[in-house]
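Listed here are the chains, written in short residue letters.
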Amino acid sequence: MGSITLKNVTKSFDDVEVIPQVNIEIRDGEFVVFVGPSGCGKSTLLRIIAGLEDVTSGVVEINNQDATTLPPADRSLAMVFQSYALYPHMSVRKNIAFPLRMAKIDKVEQDKRIETVAKVLNLTDYLERRPAQLSGGQRQRVAIGRAIVREPSAFLFDEPLSNLDAALRVEMRLEISELHKKLGTTMIYVTHDQIEAMTMADKIVVLQAGVIEQIGSPMELYDKPCNKFVAGFIGSPKMNFLEGSEADKYNAHTIGVRPEHISISKTKGQLVGTVGVVEHLGSDTYLHVSCENSNEQMIVRADANNGFKYGDKIHLTLDIKNIHRFNNHGVCIYETP
Amino acid sequence: MRAISNNRKALNTAIALTLGLFMSFPIIWILILSFKSELDAIGNPLQVLLSSWTLDSFSTVQGRSDYLKHFSNSVIISLGSTFLALLVAIPSAWAMAFVPGKQTKNILMWMLSTKMLPPVGVLIPIYLLFRDYGLLDTRVGLVIILTLINLPIIIWMLYTYFKEIPVDILEAARMDGAGLKQEILYVLTPMAIPGIASTLILNIILAWNEAFWTINLTASNAAPLTAFIASYSSPEGLFYAKLSAASIMAIAPILIMGWFSQKQLVRGLTFGAVK
Amino acid sequence: MMSPSVLLLLGWMLVPLTMTIYFSFLRYNLLNPGTESFTGWTNYYYFVTDPSFTDALVNTISIFGGVLFITTIGGIAFSLLLDQPMWKSGLIRMLVIAPFFVMPTVSALVWKNMFMNPVNGFFGQIASFLGLQPFDFFGQAPLLSVIWIISWQWLPFATLILLTALQSLDREQLEASEMDGANSFSRFIFIILPHLARPITVAILIQTIFLLSIFAEILVTTNGGPGTATTNLTYLIYVQSLLQFDVGAGSAGGVIAIILANIVAIFLMRMIGKNLE
Chain U
1 MGSITLKNVT KSFDDVEVIP QVNIEIRDGE FVVFVGPSGC GKSTLLRIIA
51 GLEDVTSGVV EINNQDATTL PPADRSLAMV FQSYALYPHM SVRKNIAFPL
101 RMAKIDKVEQ DKRIETVAKV LNLTDYLERR PAQLSGGQRQ RVAIGRAIVR
151 EPSAFLFDEP LSNLDAALRV EMRLEISELH KKLGTTMIYV THDQIEAMTM
201 ADKIVVLQAG VIEQIGSPME LYDKPCNKFV AGFIGSPKMN FLEGSEADKY
251 NAHTIGVRPE HISISKTKGQ LVGTVGVVEH LGSDTYLHVS CENSNEQMIV
301 RADANNGFKY GDKIHLTLDI KNIHRFNNHG VCIYETP
Chain R
1001 MRAISNNRKA LNTAIALTLG LFMSFPIIWI LILSFKSELD AIGNPLQVLL
1051 SSWTLDSFST VQGRSDYLKH FSNSVIISLG STFLALLVAI PSAWAMAFVP
1101 GKQTKNILMW MLSTKMLPPV GVLIPIYLLF RDYGLLDTRV GLVIILTLIN
1151 LPIIIWMLYT YFKEIPVDIL EAARMDGAGL KQEILYVLTP MAIPGIASTL
1201 ILNIILAWNE AFWTINLTAS NAAPLTAFIA SYSSPEGLFY AKLSAASIMA
1251 IAPILIMGWF SQKQLVRGLT FGAVK
Chain L
2001 MMSPSVLLLL GWMLVPLTMT IYFSFLRYNL LNPGTESFTG WTNYYYFVTD
2051 PSFTDALVNT ISIFGGVLFI TTIGGIAFSL LLDQPMWKSG LIRMLVIAPF
2101 FVMPTVSALV WKNMFMNPVN GFFGQIASFL GLQPFDFFGQ APLLSVIWII
2151 SWQWLPFATL ILLTALQSLD REQLEASEMD GANSFSRFIF IILPHLARPI
2201 TVAILIQTIF LLSIFAEILV TTNGGPGTAT TNLTYLIYVQ SLLQFDVGAG
2251 SAGGVIAIIL ANIVAIFLMR MIGKNLE
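Residue numbers (the numbering used here), protein chains in the order written: chain U, 1 to 337; chain R, 1001 to 1275; chain L, 2001 to 2277.
Just chain U, same shape as in the assembly (with noise of 0.2 Å):
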């Protein structure tokens, strides 16, 4: 019912690409999520399945069916937008009811359909406000109550979550989330925030300037990352990479290992280094290391008890079986088994 299909889809804008070509598969009912720094292309990947942006070529199929050149009104998809995009002078009632009223659904069922999902988001209270009166976080589930009363074959999210503060960050990824399970709709989301990513997805698409560094589970991009850029992104604090003779050690042109993947010790280890700054999370520490053979710092994850200050010497162990290998393309080597 909601799958999605982009077939060698370009996108230029004048004469800049911005989106060499893309095919991306995307089945029914999953929550895939297009993740990637600024201007890598994924609001412009979103838009154009939304109808909102042309392709360049390339053909985009919803439900098996060519919509490639149909307008969003008819392509049965709805969009929650970063800013919101609420209409100012109609109230929170009548914003979730336009949808309706443009699909010229009766007054009767109109009602019905705005009242459940009025429930579900907890918006019963606020129907008569307008936007202006309401809080970013009441706004947004105004947004998704708009998008959701349509009940279309998939949902899209412009990075809905940027512009509310950490707390009701957290809060709102997790209603997403519930709703996506209780729905079963399709989703695709548009973030930058690697965290809203792992969290969220089924599928995660990593994007890298147009294009498709790796697509995977989230789970399959930490493990194994098929390249430094993937590697550096997913996972925080980011991964730490080693080049000159420690890769040398291990057969490549550069090493990557995550910070919960080094163990501590005052007396012996692979490497020695002298610890800087000491970031104290509560739960866990993280502490910058200068390593002697590296010009970079290594951030290391310990216990919030482990005893070292700015200044000690520490010595540390990489975990053998979660080094990454990387060619010197930066592409990741895999042990031929």
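Don't read these hints as lab results, they were simulated from the structure. Hints may contain errors.
To be verified - Chain U is faced by these chain R residues, among others (derived, beta-carbon under 10 Å):
no.	residue
1	E1171
2	A1173
3	Y1186
Heads up, the beta-carbon is just placed ideally off N, CA and C, and yes, glycines get one too.
Once you have looked at the hints, place chains R and L on chain U.
Leaving out everything else, chains R and L in the frame of chain U:
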């Protein structure tokens, strides 16, 4: 925010109020004079203030049938040129704001530049054209001229207001299934109404106060208040109270509109060069 | 959708303009219709060499200078004051702005008769009361009187523009400079004034364009007199066109006025263009 002492505020208010009264004094003074009899109006200021109030001057002025005619001329040409200008300007500004082409910016700048043409540069041709086509001393002729000279400002103001409408709200309407007509009718227009209203008010003010073409292209039939008041310039003896009454009635509508449109004035008259 | 307005303005630009240019090369007087003849640059020559042209030019520039001086200094002062915290700021602002909304003919007549008339005018009455000789404004200082009337009308305009600009000044910049040890005067010179430089320029340019065409105030107060003491370029052309019916000379004058206005317009368009980005 640091607390500003009440004393400081009081001082500021006093100075500013004095300034305001100083600037508006002529208006306040003729307001007073308009309620006096002609004889009282030429006394010294103290006498003026102490003399009795009367509505005679107002009724005399209004009793002159030609005053009412000129007042209605002003109304007609202000509203007429505003209506005509909006009719032409709204589609134009819409296209420039929402479907801009490569030349849109240049066209907009060119339009603004036509406002900078000194009217006296085309006085003769316009006069002759109006004469030959029977437009001299007609309200229609004035409406046409006023529309043309204010059109650039109207288009400009509407353009800036349209550009302020967030594009994603219009896109949301498209996603919600609205076609172009519905998008314009249900979403764009309601959001543009405040901007259109402000532009409307500004144009009425500009048309009402225009004092070059309205004087030079009219004689007695179509003369609006600007020209009519100008005819008082030849001294007819003592006429302060009546002139005051006529002036107050002529400027009152605009003062009221001006109260509501200060921000729009800056936007319109500086062509957006000042934020 | 743009075409109606583009066509209208194009017509408005081209048709009268070409006619003016055409007429400027003719010897054509409306009182002798049918005797038009081509005379080349004669009209321009006589227009420019006529002593009243020099007077008109000087007067026009004096009006610019006088009005711009008053409105710029006054505008800065007024806007700084109105930017201060006070009560009833809306009402006070309206009182300061009101003169701009008064139609030029009314304001000119009110000043000339009710205030500047040496016998019955407000100032004259006060002077007599104090035992002083009333000053005959329009008799003894006609150009200055005209300049004052125009300034009274345009001062609010400059004030409004500068006030708007002041209110867009980032408060944090001022606070930072205070932390850096600047006193009120320094803050004015080093932060506020530079911020106002652009709006002041815009205000001056726009006023220049409108001031070139000052007409009604002169018509109702002095009719350009005594002699040519208050005749500006616009009034001079008006006299030749509609009073003397000398189409040729009036058109030549018109072309000159357009050229002068264009020079100012070029600067203004550049500033607007920058903002359109």
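Structure-based check of each hint:
{"no.": "1", "hint": "E1171", "verdict": "holds, 5 Å"}
{"no.": "2", "hint": "A1173", "verdict": "holds, 7 Å"}
{"no.": "3", "hint": "Y1186", "verdict": "holds, 8 Å"}
Of the hints listed earlier, there is not a single one the structure fails to meet.
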